[in-house]
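Asks: When you get a sec, could you build the whole thing from the sequences and use the hints?
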Amino acid sequence: SQQGEEDPQALSIQEGENATMNCSYKTSINNLQWYRQNSGRGLVHLILIRSNEREKHSGRLRVTLDTSKKSSSLLITASRAADTASYFCASIQGAQKLVFGQGTRLTINP
Amino acid sequence: DGGITQSPKYLFRKEGQNVTLSCEQNLNHDAMYWYRQDPGQGLRLIYYSQIVNDFQKGDIAEGYSVSREKKESFPLTVTSAQKNPTAFYLCASSMAGFNEQYFGPGTRLTVT
Numbered sequence: 001s002q003q004g005e006e007d008p009q010a011l012s013i014q015e016g017e018n019a020t021m022n023c024s025y026k027t028s029i030n031n032l033q034w035y036r037q038n039s040g041r042g043l044v045h046l047i048l049i050r051s052n053e054r055e056k057h058s059g060r061l062r063v064t065l066d067t068s069k070k071s072s073s074l075l076i077t078a079s080r081a082a083d084t085a086s087y088f089c090a091s092i093q094g095a096q097k098l099v100f101g102q103g104t105r106l107t108i109n110p
Numbered sequence: 001d002g003g004i005t006q007s008p009k010y011l012f013r014k015e016g017q018n019v020t021l022s023c024e025q026n027l028n029h030d031a032m033y034w035y036r037q038d039p040g041q042g043l044r045l046i047y048y049s050q051i052v053n054d055f056q057k058g059d060i061a062e063g064y065s066v067s068r069e070k071k072e073s074f075p076l077t078v079t080s081a082q083k084n085p086t087a088f089y090l091c092a093s094s095m096a097g098f099n100e101q102y103f104g105p106g107t108r109l110t111v112t
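Order-wise, the sequence lines are chains A and B.
The opening residue of the first sequence carries number 1 in our numbering; numbering runs sequentially from there.
The opening residue of the second sequence carries number 1 in our numbering; numbering runs sequentially from there.
The set of hints was computed from the structure by calculation and includes no laboratory data.
No farther apart than 25 Å at their CA atoms in a straight line, the calculated lysine to any residue pairs in the SDA-like style are these:
(1) A:K97 / B:L27
(2) A:K56 / A:A19
(3) A:K97 / A:S24
(4) A:K97 / B:S49
(5) B:K71 / B:M95
(6) A:K97 / B:Q41
(7) A:K97 / B:S65
(8) B:K9 / A:A82
(9) B:K9 / A:Q102
(10) A:K56 / B:M95
(11) A:K70 / A:H45
(12) A:K26 / B:A61
(13) A:K69 / A:T27
(14) A:K69 / A:N30
(15) A:K97 / A:N31
(16) B:K57 / B:G40
(17) A:K97 / B:V52
Replies: This is the structure:
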């Protein structure tokens, strides 16, 4: 079962605009993580937010977490062509597994 | 130069043959993972290992086998019992306790 579900599945914006991706999950979490995957490559960890945190920043990235709604969002500000990638949220299911959603494919148009 | 490596990058096999995918890490991580990714899809967990000489099945373990004889290595064998083995396979490692996972570059397996 998919613990994380990203929305939208695909997003296309102009360079310089902000991009927002959402993630919903089903069970209680200790933390939620966001990863980026460039086409045909491995995933790269972007940011981890713990269940007792509501917002976290890293450079142009801002992640929010609403545990009451079981949802998280990733905001990329001032997008660049290099941000074109797929973005995945992931959260721990049960005691041992990190479960990934199906991802949002982000395209930044020049 | 620390990291996690997978080889080969592309692998072609005939149906009915077993094939082993390599995964090595020099990050001194205790935990290692194998995922499968199909086109346009997320990652599905095949097997994971939290410690040497121990591993657990993930969500789609049927048709796969692993070993963890050394901390640095976690090879995955795709057996002939796997009905649809063509996919992109990703290996990852992490410190114990579900910190961030570090991923290798992946192996694209094509079985014809």
